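*Asks:* Chains as they are written, first to last, in the numbering used here: chain L, 1 to 247; chain W, 1 to 201.
FYI, nobody ran anything at the bench for these hints, they're computed from the structure.
Computed from a prediction, not measured in an experiment: that's the story for all the values here.
Worth double-checking, as some hints may not be accurate.
Sample of chain W residues with no beta-carbon within 10 Å of chain L, all distances over it, derived [stated by the list, open to error]:
hint : residue
1    : 2
2    : 4
3    : 5
4    : 7
5    : 59
6    : 62
7    : 65
8    : 67
9    : 137
10   : 139
11   : 163
12   : 180
Below, in silico cross-link-like pairs of lysine-lysine (DSBU-like), each with a Cα-Cα straight-line distance of 30 Å or less [to be verified]:
hint : chain 1 : residue 1 : chain 2 : residue 2
13   : W       : 86        : W       : 56
14   : L       : 73        : W       : 56
15   : W       : 67        : W       : 56
16   : W       : 67        : L       : 239
17   : L       : 73        : W       : 67
18   : L       : 32        : L       : 239
19   : W       : 67        : W       : 86
For glycine and all other residues, C-beta sits at the position ideal for the given N, C-alpha and C.
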Amino acid sequence: MTASFRDVELLSAYLDGQLDSNESARLESRLKTDESLRAVLDDLREARGILRQLPQRRAPRNFTLTPQMAGIKPPAPRAYPVFRLATAVATLLFVITFVVNGLSPVAAPRLAAAPAPAFGMGGGGVGGGAPNESAPAATQAPAIEAPTAEAFAQSQTATETPPAANDNSRATILSTQTSELAPKAAAPAPLNAAPVQVQPEAPARNQAPVSFIWQIALGIVALIFGLIAWFLRLNTERKFRRQWNNK
Amino acid sequence: MDEPALIHSAQRGDLDSFNTLVLHYQDALFNTALRILGDDELAADATQEAFLSAFKNLTSYRGGSFKAWLLRTVTNACYDELRRQKRRPTTPLEPDTSDGDEMDSPRWLADQNLSPEQKAEADELEHAIQHCLENLPLEFRTVVVMADIQGLDYTEVASTVRVPLGTIKSRLARARLRLRECLQDFWELLPAAFRLEKERI
Numbered sequence: 001m002t003a004s005f006r007d008v009e010l011l012s013a014y015l016d017g018q019l020d021s022n023e024s025a026r027l028e029s030r031l032k033t034d035e036s037l038r039a040v041l042d043d044l045r046e047a048r049g050i051l052r053q054l055p056q057r058r059a060p061r062n063f064t065l066t067p068q069m070a071g072i073k074p075p076a077p078r079a080y081p082v083f084r085l086a087t088a089v090a091t092l093l094f095v096i097t098f099v100v101n102g103l104s105p106v107a108a109p110r111l112a113a114a115p116a117p118a119f120g121m122g123g124g125g126v127g128g129g130a131p132n133e134s135a136p137a138a139t140q141a142p143a144i145e146a147p148t149a150e151a152f153a154q155s156q157t158a159t160e161t162p163p164a165a166n167d168n169s170r171a172t173i174l175s176t177q178t179s180e181l182a183p184k185a186a187a188p189a190p191l192n193a194a195p196v197q198v199q200p201e202a203p204a205r206n207q208a209p210v211s212f213i214w215q216i217a218l219g220i221v222a223l224i225f226g227l228i229a230w231f232l233r234l235n236t237e238r239k240f241r242r243q244w245n246n247k
Numbered sequence: 001m002d003e004p005a006l007i008h009s010a011q012r013g014d015l016d017s018f019n020t021l022v023l024h025y026q027d028a029l030f031n032t033a034l035r036i037l038g039d040d041e042l043a044a045d046a047t048q049e050a051f052l053s054a055f056k057n058l059t060s061y062r063g064g065s066f067k068a069w070l071l072r073t074v075t076n077a078c079y080d081e082l083r084r085q086k087r088r089p090t091t092p093l094e095p096d097t098s099d100g101d102e103m104d105s106p107r108w109l110a111d112q113n114l115s116p117e118q119k120a121e122a123d124e125l126e127h128a129i130q131h132c133l134e135n136l137p138l139e140f141r142t143v144v145v146m147a148d149i150q151g152l153d154y155t156e157v158a159s160t161v162r163v164p165l166g167t168i169k170s171r172l173a174r175a176r177l178r179l180r181e182c183l184q185d186f187w188e189l190l191p192a193a194f195r196l197e198k199e200r201i
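Starting from the given sequences, assemble the full structure and let the hints guide the process.
*Replies:* This is how it looks when you write it as structure tokens:
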């Protein structure tokens with residue numbers, strides 16, 4: 001009688017002591033009478049014995065993990081978070097100064113005022129339209145034509161009529177322009193009473209809310225704190241690595 | 001070695017404790033990987049990968065046999081390696097002839113129709129067993145390595161390979177039978193020192 005696969009499973013489990021006492025007793029009684037079962041049991045036992053005799057190889061090297069492999073970072077020095085926070089705050093303030101200066105209403109007049117010297121130099125004497133054509137859009141209308149006689153008249157009108165003066169930026173532009181025109185057009189100068197009054201206000205308003213010196217100072221502070229934080233971290237990592245290598 | 005204490009410390013991130021466990025189990029993991037993969041270098045890589053994975057996932061260990069838990073990580077690493085090999089088949093180990101035929105078959109790739117001379121080359125028990133193990137389907141090989149080479153009990157093997165106990169019994173029986181048939185080809189060639197001693201039940 002040949003052994004079925006179920007018998008092979010039972011014999012294998014029997015070898016490993018995995019059968020309960022009833023199953024073991026039944027199998028043992030069959031083994032006494034069934035030679036093919038005994039042969040299978042011998043085969044299984046031999047295979048298992050050979051595997052158990054297989055020599056265990058030693059690991060070719062140690063598989064211990066280093067902190068780097070395990071992704072372990074050295075503990076940060078106590079002062080590190082303070083400098084890191086200081087760096088972050090200084091950097092943030094540094095950026096904010098640029099944003100504040102950029103968004104300041106002073107920016108627009110400053111831009112508009114920039115081409116004004118060109119009018120004064122090129123347009124004042126010639127009285128032609130050529131430089132005016134290349135002028136930025138921001139200086140349109142009366143402002144663009146300021147150097148011409150017409151424009152000058154308009155500027156006079158603007159300074160004389162209160163509704164036109166309500167527009168702050170325009171008034172500023174006009175005041176700047178008329179003040180520059182004054183030396184070149186000597187006659188109308190005394191008439192510009194209103195722009196002259198506005199003139200002292202102009203330098204104060206042209207200054208940025210945050211001075212350049214403050215910006216530089218904040219930048220330097222951010223850089224110094226950042227370097228200190230980096231140095232502290234680097235130093236701790238070096239010590240940690242040295243300590244680990246000495247173990 | 002106070003294993004539970006070391007495991008507990010390692011779970012809290014103590015690398016020294018984990019490395020003590022590594023030194024204790026590295027031979028078992030390496031041998032398991034070696035028997036499954038059949039290549040020293042690949043086995044070393046899989047072992048290293050397994051220990052790294054074990055450290056990262058140590059919190060998922062919830063008691064039971066730590067050896068069985070580690071063997072599961074190395075088995076997974078071996079399966080990953082075998083999957084990688086399947087995706088990127090390697091070139092033959094033996095150079096081809098000008099006709100494109102393989103010049104000679106290495107002994108560990110020997111099939112059932114080995115000539116007596118070739119069989120004589122496989123004169124070491126280890127090579128013969130490794131050859132027979134590699135002829136087994138992967139799932140049979142894993143079970144027989146865990147049970148008969150690493151000495152895990154059925155329950156531990158079941159938890160390691162995550163299959164029911166009945167499947168473990170069935171796979172182990174089939175694997176042993178196939179191994180016995182395969183080893184029959186090498187039986188007469190085995191050195192006397194390695195001849196099987198009949199075991200008593």
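*Asks:* Confirm or reject the statement that residue 180 (chain W) sits farther than 10 Å, beta carbon to beta carbon, from all of chain L.
*Replies:* violated (4 Å)
*Asks:* Given the hint that residue 73 (chain L) pairs with residue 56 (chain W), does the C-alpha gap stay at or below 30 Å?
*Replies:* Status holds; Cα separation ~14 Å.
*Asks:* Hinted pair, alpha-carbon criterion (30 Å max): residue 86 (chain W), residue 56 (chain W). Please report holds or violated.
*Replies:* holds (27 Å)
*Asks:* Holds or violated: residue 67 (chain W) with residue 239 (chain L), Cα cutoff 30 Å?
*Replies:* violated (35 Å)
*Asks:* Would the hint linking residue 73 (chain L) and residue 67 (chain W) be met if the CA-CA limit is 30 Å?
*Replies:* holds (28 Å)
*Asks:* In terms of Cβ atoms, is chain L entirely out of 10 Å range of residue 67 (chain W)?
*Replies:* holds (14 Å)
*Asks:* Given the hint that residue 32 (chain L) pairs with residue 239 (chain L), test it: the Cα-Cα distance must not exceed 30 Å.
*Replies:* Roughly 73 Å between the alpha carbons, so the hint for residue 32 (chain L) and residue 239 (chain L) is violated.
*Asks:* Regarding the assertion that residue 139 (chain W) does not contact chain L, is the least Cβ-Cβ distance greater than 10 Å?
*Replies:* Correct as stated: the minimum Cβ-Cβ distance to chain L is 16 Å, above 10 Å.
*Asks:* Straight-line Cα separation of residue 67 (chain W) and residue 86 (chain W) no greater than 30 Å?
*Replies:* Holds. Residue 67 (chain W) to residue 86 (chain W) sits at ~28 Å (cutoff 30 Å).
*Asks:* Decide, holds or violated, for the assertion that all CB atoms of chain L are farther than 10 Å from the CB of residue 65 (chain W).
*Replies:* Holds: least Cβ distance 16 Å, greater than 10 Å.
*Asks:* Please confirm whether residue 163 (chain W) is truly not at the interface, meaning its C-beta sits more than 10 Å away from all C-beta atoms of chain L.
*Replies:* Correct as stated: the minimum Cβ-Cβ distance to chain L is 15 Å, above 10 Å.
*Asks:* Beyond 10 Å from chain L, beta-carbon-wise, is residue 4 (chain W)?
*Replies:* Given a closest Cβ separation of 20 Å, the condition holds.
Checked against the numbered hints given earlier, the structure breaks hints 12, 16, 18 and satisfies all the rest.
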